[in-house]
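Trainee: Which chain is which? The protein sequence lines are A and B, in order.
Numbering follows the working numbering, in which position 381 of the first sequence is assigned residue number 381; successive positions increment by one, without gaps.
Numbering follows the working numbering, in which position 221 of the second sequence is assigned residue number 221; successive positions increment by one, without gaps.
These aren't lab readings, by the way, just hints derived from the structure by calculation.
A hint or two may mislead.
Beyond 10 Å from chain A on every Cβ pair, some chain B residues (computed) [claimed, not checked]:
#1 N202
#2 V246
#3 E306
#4 Y397
Partial pick of chain B residues on the chain A-facing surface, computed with a CB cut under 8 Å [unchecked claim]:
#5 A59
#6 L61
#7 P64
#8 P79
#9 A84
#10 M85
#11 F87
#12 S89
#13 W95
#14 L96
#15 L104
#16 G105
#17 A108
#18 G143
Each residue gets a CB set at the ideal place from its N, CA and C atoms; glycine is no exception.
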Amino acid sequence: MSERVSPFGFARDFITGWDALATMIVLALLVFFAEASSGLMQPLAELQAMPLSLDPSHLPEYAARTTLRMFAAMALSLAFTFTYATWAAKSEPAGKLLIPLLDILQSVPILGFISITVVFFMSLAPGRVLGAELAAVFAIFTSQAWNMAFSFYQSLRTVPSELREAADSFRLSPWMRFWRLEVPFAAPALVWNMMMSMSGGWFFVVASEAISVGHTSVKLPGVGSYIALAIEQRNLVAIGWAIATMLIVILLYDQLFFRPLVAWVDRFRVEQEPGSRAPQSFILTMLVRSRLIRSFTQLLRTLAQWTNRLAPRVSSTRISHPSRTHRLANTIWLSVIVAVLIVVGWQGARGLVAHTSWSDGLEVIELGTITMLRVFVLIAIASLIWVPVGVWVGLRPKATRIVQPIAQFLAAFPANLLFPVVVFGIVRGNLNPDLWLSPLMILGTQWYILFNVIAGASALPGELRYAAQNLQVRGWLWWRRVGLPGIFPFYVTGAITASGGSWNASIVAELASWGDSKVRAHGLGAYIASATAEGDFHRTVLGVATMSLFVVTINRLFWRPLYYYAERSFRLA
Amino acid sequence: MSAAEPLLQIEQVRKAFPKPDGGELLVLDAVDLELRQGQILGLLGRSGSGKSTLLRLIAGLSSPNAGTLRYLGKPISSPAPGVAMVFQSFALFPWLSVFENVALGLEAQRLPKAEIRQRTLAAIDLIGLDGFESAYPRELSGGMRQRVGFARALVVHPDILLMDEPFSALDVLTAETLRTDFLDLWSEGRMPIKGVILVTHNIEEAVLMCDRILVFGSNPGRVLSEIGVTLPQPRNRLDPAFRALVERIYVEMTARARPGAAGLRPEGLQGLGIGTILPRVSSNLLSGLMEALASEPFDGKADLPEIASRLQMEIDDLFPVAETLQMMRLAEVEGGDIRLLEPGMAFASASVDERKRIFASHLLSYVALAAHIRRILDERASHVAPMSRFSDELQDYMTAQAAEQTLRAVISWGRYAEIFAYDDDSATFSLENPS
Chain A
1 MSERVSPFGF ARDFITGWDA LATMIVLALL VFFAEASSGL MQPLAELQAM PLSLDPSHLP
61 EYAARTTLRM FAAMALSLAF TFTYATWAAK SEPAGKLLIP LLDILQSVPI LGFISITVVF
121 FMSLAPGRVL GAELAAVFAI FTSQAWNMAF SFYQSLRTVP SELREAADSF RLSPWMRFWR
181 LEVPFAAPAL VWNMMMSMSG GWFFVVASEA ISVGHTSVKL PGVGSYIALA IEQRNLVAIG
241 WAIATMLIVI LLYDQLFFRP LVAWVDRFRV EQEPGSRAPQ SFILTMLVRS RLIRSFTQLL
301 RTLAQWTNRL APRVSSTRIS HPSRTHRLAN TIWLSVIVAV LIVVGWQGAR GLVAHTSWSD
361 GLEVIELGTI TMLRVFVLIA IASLIWVPVG VWVGLRPKAT RIVQPIAQFL AAFPANLLFP
421 VVVFGIVRGN LNPDLWLSPL MILGTQWYIL FNVIAGASAL PGELRYAAQN LQVRGWLWWR
481 RVGLPGIFPF YVTGAITASG GSWNASIVAE LASWGDSKVR AHGLGAYIAS ATAEGDFHRT
541 VLGVATMSLF VVTINRLFWR PLYYYAERSF RLA
Chain B
1 MSAAEPLLQI EQVRKAFPKP DGGELLVLDA VDLELRQGQI LGLLGRSGSG KSTLLRLIAG
61 LSSPNAGTLR YLGKPISSPA PGVAMVFQSF ALFPWLSVFE NVALGLEAQR LPKAEIRQRT
121 LAAIDLIGLD GFESAYPREL SGGMRQRVGF ARALVVHPDI LLMDEPFSAL DVLTAETLRT
181 DFLDLWSEGR MPIKGVILVT HNIEEAVLMC DRILVFGSNP GRVLSEIGVT LPQPRNRLDP
241 AFRALVERIY VEMTARARPG AAGLRPEGLQ GLGIGTILPR VSSNLLSGLM EALASEPFDG
301 KADLPEIASR LQMEIDDLFP VAETLQMMRL AEVEGGDIRL LEPGMAFASA SVDERKRIFA
361 SHLLSYVALA AHIRRILDER ASHVAPMSRF SDELQDYMTA QAAEQTLRAV ISWGRYAEIF
421 AYDDDSATFS LENPS
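The shape of chain B in the complex, shown without the other chains:
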């Protein structure tokens, strides 16, 4: 095979899952991708952007509705022998020892016993698990478990290593050690692999490890942009060039996030329509972010990566909060910055009752569903309405699951704002205070 031939080529891939009501849920749309030899390719995006689904397509664990996936020029139709995967949850078999877990893939290839033993021990040795051969996964720490996950994937000598958020279930320190060890082995060429695809939602991790980054958008998942990383390895997180790149990707993701992400459908200036899918963000998080923004050193305006790291939040957690504030006209997000608006500033310094009043007025003005529920309750003589009345209505616009999430979000905000009450036992909205 020539060095110029790409390991993996993906063209116009589309993946949708059937919905119970007969429609379909589009997860990936028109995805193009190419993995070249000797590269680490990052797939960066928020949850729900279909990254993991794409990884499963590449591994041959499921098949696309349209488009082609080619591994070394051949279409992928079943689990491909040259593609190995590392899982977020490690996916080790708890009843197999470290040795047996690593040897499993070789056993499946029906290799001679001696070869299985020799290659398994070599992989265990390479990944730094010497002495743990007979241990069971339950005896190992998270970091050691993921090392077993790596050894198990590497032992079959795959061309492509797929990594599905491999470090996100680990604590910060362990994750960093594992990343560095992996990059060392990779740059020294000691791993029998030709290319890596890394799925992550952590921007710094992507910039630290990858040669190229594809930024994914959600609903449906699609490639928003491609960013090449030319910084030399080993990279330094504090290097100004590194910071600049992280900042640029933040801007990229927030700029794109504004109209489409998290399913927030803009419907003109009068606020968002009833058919908008709302993210489940607690009122605690909303007021927490507003307080942080209003206080020193931000004074109402902050850089998203900066405030994310100060609040120790991942972008996955921060974006929905920022977007909810933006939706309620309490803050504005633009170009990687978040700025608190006048009512937001007032909220941050107000008393509990005053806060509730501000929140209630913004909730009723800018979240159509909240206003709608309140109006129905006001109109009815009993001031009571079943949840099913609204969930049926919402399901004209969205899936049952999204409707549930949206109603739960609005219930939580409505309860905080005290614009209506909700009783979960009988699944009814009302205007009464709970007895």
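The shape of chain A in the complex, shown without the other chains:
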């Protein structure tokens, strides 16, 4: 209430202070888009003739291009989410196929596939930068889309039956129901997942901008290429500049995009916990207060109403029973997908069998085991450090207010930007890469453990804590009976995210370079990375397939049972 005070006084004039501010920001955004998209149709040769420069004055432009790629991928991910997840949720047979498929896609380390997709996209726009751009955007998309689709699917499945029945009784068309009920209901969880995806995407941006396929190497202007170049030239100062740029970029999009979005979708929450504080955003206040923006959103609203009118009305009978043609179309679609999957799988398997041997298979399984050990040990170490810290912080509201945003920010920061610094140290100090490269895998993902534990500890009800105090429960008994069980479901959520992220990170973390010196640890990640660098398609596929197999198996046999156990036994009612 009191924090809503406007610094500009209030609307008595035609143009308010909020309007002026909004206009400035909109103009700045327009300039940004024009700048960032100008190079798209450029021929590739021109790009190669104009090499990247490590001069920090280019960084704003590079950062703009990188950010635009991120948002393009985010738009793509949203489109994918709205179609794929909706289809999976609305049609039962489709869901049976699409959801496990999504689960597997989620576990595939896409980093290994970038070189393959590049060939495809370059052929779409031969000789133009656009092809490489599309490949980069696609790589980022693959890192963002899956968890968003999952979250949306979950929300669609859990729309409260009263709301669904209300929509039925008012005979909303499917189009209206989607935008008026399902999307708003799913919005809070979806926005949270968009934020997670955005953080994940940064990791891929760095890897996907500088691509080498066989003999040609493309460096798209962007922060990722800048870092790649800095590593080639062993320029630690330039890496420092890049890290500073990323810090600013992340802060900016968090403030300008996600904060307002989070504050805005808060109104769509179905159950409001009393006493919980609504999120606030300066930018959202501006958007709401500015009359110019208001008239613009009014226009959008009118357009939306118009689409509602255009959408076909639902017939009054048999609302929940899909028509026969509908079902037929569904079946045909599914059959096509299954057929494509079988053909691709068959071709892939044949190629693999023809070009690899049993010893290759044994090698990747051995390397996969090494990487698996590394991931588990790292998660264990990170847990030993961050669980006590997180509980300590979470039980103190003041500390939570300070630490929680920092932990979330660190989780959003692409940790691979810091790799060169560590590799530099390993090369200088002649350290054992098998040991010292390992921490890089968890550098960016450990924060998920920390902020989930903080959230868990601060969610522990006051009366439970009083009860423990009243019964004089202290020390190890307190941790065993109160603290650890209380945060367990939260911890498992954090550890699952951290583990998945670490597997993916292994591809960049186990094989790192500094100028011409390469540091290599034994592991499946290094195997995939070197196979990709050598352009060995079959070993890349073998490595990626094995890693997916490892991740899916570990998820099914370990994390998933643990998650359900935690949900069942430790969730506070």
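With chain A held as given, fit chain B onto it using these hints.
Mentor: Chain B alone, transformed into the frame defined by chain A:
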């Protein structure tokens, strides 16, 4: 220890919490209290009277700003071993079974395993939870959960049992069963406790269970009066003496409530000043109470306990409604009675538009804040004003939280009376009708 020595002695206790703006929020002021052996002491008062805070002080979960608390003559400075607590929300650990929940306090005392087992089973047995040892709280009904809460408190053999509204989260039938079971165990001396403090806002519950009742006033919380209950156990709610006592406490609470309670600050005859904290009472409740009062069998005048039970409302819910009507000069509260005034009678029988007109005129005449907001809106050329303009003003008189509550109350009344509009998205008052 001699039987004459009180279990618990509290003298001139004061508790205040710091406010963000540097001031302090006084929750308890000059509280004296004594718990003697073999007694059930009731702390009766409305929400916000600091009863629960006092209970936490006694349990040693927080410490007072001034005054002394002594348990068996020794000052209480940390969670006291002889004091066990039963919580309103049960506060069971969802990941521990019934047995583990009950055993937790004994484990904390590092007793031998065999003794823990034997005492835990005995407590479970005593409280009627036999057969549920391995169940988890989520498998139990509310009543069974609270039984676990009792067993967990009793198993440590406390001298004093503190109960923080232990029955208010239960349905009426379950609550009554649990009360009776508790009183049976208590009167048969089968519980290892020497004294009980029961916090409640339910007058009948206090009269049913307690030997002595301390009536608490709010803002700040303080003891208004002490009432001894000499009726023999088991007590009968329909007994005329029982009814008379309930009635007396009602009168006591309304008589005291008139000037001070709910923070309504009287400021002369011209109505209440802008600095008055307003309770959040919906216009539906206001018209509902007026309608009930105007209709049979009350014909404009009712006994508060009677109309409360007819409307199935707790005093916590009824008092603010009655006081709001009184503040707007639509009704009058006196000596445990509420009487509808002339405009109130007119309101009850009026049409929707007529009702709004009556309500608007009383709102503007007697609630200074509503009149103030309306005047500012009229004065401004744009007829628009941000909420922050008024919340800043109110915060000269009250906390930010109270200002929020007060503004929300006035917004709801103003919207009903159609004297101004409010847009929550932009947090602005205006005179326009919403588009």
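Trainee: Does the no-contact call for N202(B) survive, Cβ to all of chain A over 10 Å?
Mentor: Given a closest Cβ separation of 20 Å, the condition holds.
Trainee: Against chain A, does E306(B) hold up as non-interface, every C-beta pair farther apart than 10 Å?
Mentor: Given a closest Cβ separation of 32 Å, the condition holds.
Trainee: Would you say Y397(B) is clear of chain A, with no C-beta pair closer than or equal to 10 Å?
Mentor: The assertion about Y397(B) holds, with a minimum of 14 Å to chain A.
Trainee: Less than 8 Å between beta-carbons is the criterion; does L61(B) satisfy it with respect to chain A?
Mentor: Given a least distance of 6 Å, the restraint on L61(B) holds.
Trainee: Hint P79(B) vs chain A: min CB-CB distance below 8 Å?
Mentor: 5 Å, holds
Trainee: Tell me if P64(B) is really an interface residue toward chain A, meaning its C-beta lies closer than 8 Å to one of theirs.
Mentor: 17 Å, violated
Trainee: Can you verify the interface hint for L96(B): is its Cβ closer than 8 Å to any Cβ in chain A?
Mentor: For L96(B), the interface hint holds, since the closest Cβ of chain A sits about 7 Å away, which is under 8 Å.
Trainee: Could you check that no beta carbon of chain A comes within 10 Å of the beta carbon of V246(B)?
Mentor: 30 Å, holds
Trainee: Hey, does the L104(B) contact hint survive, CB to chain A under 8 Å?
Mentor: 6 Å, holds
Trainee: For the restraint on G143(B), tell me whether the closest CB of chain A is nearer than 8 Å.
Mentor: 16 Å, violated
Trainee: Is the interface hint satisfied for A84(B)? The criterion is a beta-carbon contact with chain A at less than 8 Å.
Mentor: 7 Å, holds
Trainee: With a cut-off of 8 Å, does the beta carbon of A108(B) approach a beta carbon of chain A closely enough for the hint to hold?
Mentor: 5 Å, holds
Of the numbered hints listed earlier, those contradicted by the structure are 7 and 18.
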